[in-house]
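Protein chains: 2
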Amino acid sequence: MYILKKTTEAELNRVQVNIAKELASEKIIQELYEYIFSTRGKKTRALLCLLASKSSKIKSNKRVALASVIELLHTATLVHDDVVDESKRRRGMQSVNQVWTNSHSVLIGDFIYSKAFILMVKLNISSILDELANATNDIARGEIIQLSLFEKKQCITLDDLLKISYLKTGRLFEASAKTGAMLASNSKKEIKIFGLLGKALGTAFQIKDDILDYESRLDTGKTPLKDFREGKITFPLYFALQNASTKDKNFLLKKLGQPRLLKKDIKLIHQLIQTNETQKELSGLMNKYTNETLKYLNQLKHHPCYNELLYLINISHIRKI
Amino acid sequence: MYILKKTTEAELNRVQVNIAKELASEKIIQELYEYIFSTRGKKTRALLCLLASKSSKIKSNKRVALASVIELLHTATLVHDDVVDESKRRRGMQSVNQVWTNSHSVLIGDFIYSKAFILMVKLNISSILDELANATNDIARGEIIQLSLFEKKQCITLDDLLKISYLKTGRLFEASAKTGAMLASNSKKEIKIFGLLGKALGTAFQIKDDILDYESRLDTGKTPLKDFREGKITFPLYFALQNASTKDKNFLLKKLGQPRLLKKDIKLIHQLIQTNETQKELSGLMNKYTNETLKYLNQLKHHPCYNELLYLINISHIRKI
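Just so you know, the sequences run in chain order B and F.
Position 7 (the first sequence) corresponds to 9 in this note's numbering; numbering is contiguous.
Position 153 (the second sequence) corresponds to 155 in this note's numbering; numbering is contiguous.
One chain only, chain B, in its complex shape:
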């Protein structure tokens, strides 16, 4: 069984402390900022960055600083996503747009984004800045493409879904691993392998997120069938639509995007997602990307964090939240 080293856990805690320090002097910004960072989140991207940057050549402080930048960028996208998705809850709490307003979410998101840029400029490594600025741009690009797919519904292809998963999620995983490796001044080859590992892990992470959305109950802090209620076609629904009878397909498309669902509707939606065929295709896809991640990890056997990276991949694969 692989677990995280105590030193890594301590570094992950320092990311949280580091972020909390970045307060503004104004009360309203303090309130918003503290509210957002009062829940810790999983910090998967920050952890990936900490592991990829491990090297005897680089100080822990710099690695924690880069991981904090990654976590800030990720949090800013979440805060803006809540406006886009009109989400009411985030990480088991009411979302910022619920406690305050959409305006507050937009602006505190911008505040956190630019805070991340301030911190990354301090690191003063041009290739890292370039990678993170491009990743941020790609995330926004992915979200906009996803918006326009709402209208496409039945014509969405698996390639569309994989592209969006990459841009929305895989891209920041890729950048977290790549910039980590860049910081450790690894060889070009190793930076490339870390990038590919991050990309595959991020895609697997998104597939798992989509699966969990159909399994989530209120006590996990998430609304059950949130994606479905928002009208999003994700991997589980995509396969279910492929496999369903015309009658069931029409039922799914009719209910898709309805915020309020009857208990019997929820039951039927669950049944249609839980068919053997759909579940087989889902786990096949999930395994494909986890195996790809492991394939790249296999090329990093000498890496000081090999075992911890294996832990991260395993835990991402089997996680329940």
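It cannot be assumed that every hint is accurate.
All copies of an identical chain are treated as equivalent in the list; a pair is satisfied when it fits inside any one copy or across any two copies.
Below, simulated DSS-like cross-link-like pairs (lysine-lysine); rule was C-alpha separation at most 25 Å, straight line [claimed, not checked]:
#, residue 1, residue 2
1, K124, K190
2, K234, K29
3, K124, K64
4, K154, K29
5, K124, K256
6, K165, K29
7, K23, K303
8, K303, K228
9, K165, K23
10, K154, K165
11, K7, K297
12, K297, K61
13, K155, K29
14, K165, K265
15, K251, K210
16, K191, K290
Hints are computed from structural coordinates only; laboratory data are not their basis.
Computed from a predicted model, the values in this text were never measured in an experiment.
For this one, chain B is given, so just place chain F on it according to the hints.
Same frame as chain B, but now just chain F:
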């Protein structure tokens, strides 16, 4: 009479061309991006940057690149502001949130922000990156503080208004001038003077904007009394409230923030803003900041763009839109 040189105007046009090149491959992003940049705007900040960066030591290409970054940052804030203010119009056209949705505005704003960061990373000058990341953060900070002032209403002080004007507007003017001077590798002293000039000019610019809001008619592409309808206390209203009788003051506070105003109400609001006392205080404040700008310009007599900077200050002072 001072005017812009043809070479400067050509450079300003190249900013527009430069920005238009930064398209993504996806149709929806192209549509949004082209819509936003189809109107040219005044490009005051980009012009300030072009003038401050003029030097025989630096190539025009780099100056146009930096001015494009400034214009992209400014545009991103406008797109997000439209969500915050629930604006229906921008630069004489329907705003993005009207033609598409709030979600599109949030995400295309993020897209443009990160595009600006990608381009500024290419310039590869650490002090410029630091200044622009900090300016972006301060703008968001200013907007959040402004939101929380809604509740303060009668207790707002002139210092509150000056602080917000600086953060919202003066800060990017300051950064435009400062980073321009940094690019031209000017002396520390000259960079500082340019920063102070930009800050004063930006504050004067915001005061003028606030004044114009009470003078604007539909044919300028702006909603008359837009700030007032949004519940914002700006400089004209601040002085009017100071000078009004208790009855008129109560009238103003009662109508403040109401999107729909009767013709007779609009007439009375205009009258209360147009009193001699309020107008005198407004032009006094405006002159104070324009004079401060001229004072700093006076320390730049040797600068190759002295006359053009004088033109920019004059035109900002007397502009009608």
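Comparing the hints with the structure gives:
no. : hint        : in the structure
1   : K124 / K190 : both (23 Å within a copy, 20 Å between copies)
2   : K234 / K29  : between (37 Å within a copy, 20 Å between copies)
3   : K124 / K64  : both (10 Å within a copy, 23 Å between copies)
4   : K154 / K29  : between (44 Å within a copy, 14 Å between copies)
5   : K124 / K256 : neither (51 Å within a copy, 48 Å between copies)
6   : K165 / K29  : between (41 Å within a copy, 15 Å between copies)
7   : K23 / K303  : neither (36 Å within a copy, 43 Å between copies)
8   : K303 / K228 : neither (39 Å within a copy, 63 Å between copies)
9   : K165 / K23  : between (36 Å within a copy, 23 Å between copies)
10  : K154 / K165 : within (15 Å within a copy, 47 Å between copies)
11  : K7 / K297   : within (23 Å within a copy, 61 Å between copies)
12  : K297 / K61  : neither (29 Å within a copy, 48 Å between copies)
13  : K155 / K29  : between (44 Å within a copy, 17 Å between copies)
14  : K165 / K265 : neither (33 Å within a copy, 53 Å between copies)
15  : K251 / K210 : within (23 Å within a copy, 59 Å between copies)
16  : K191 / K290 : within (23 Å within a copy, 60 Å between copies)
Hints 5, 7, 8, 12, 14, counting from the list given before, are not met by this structure.
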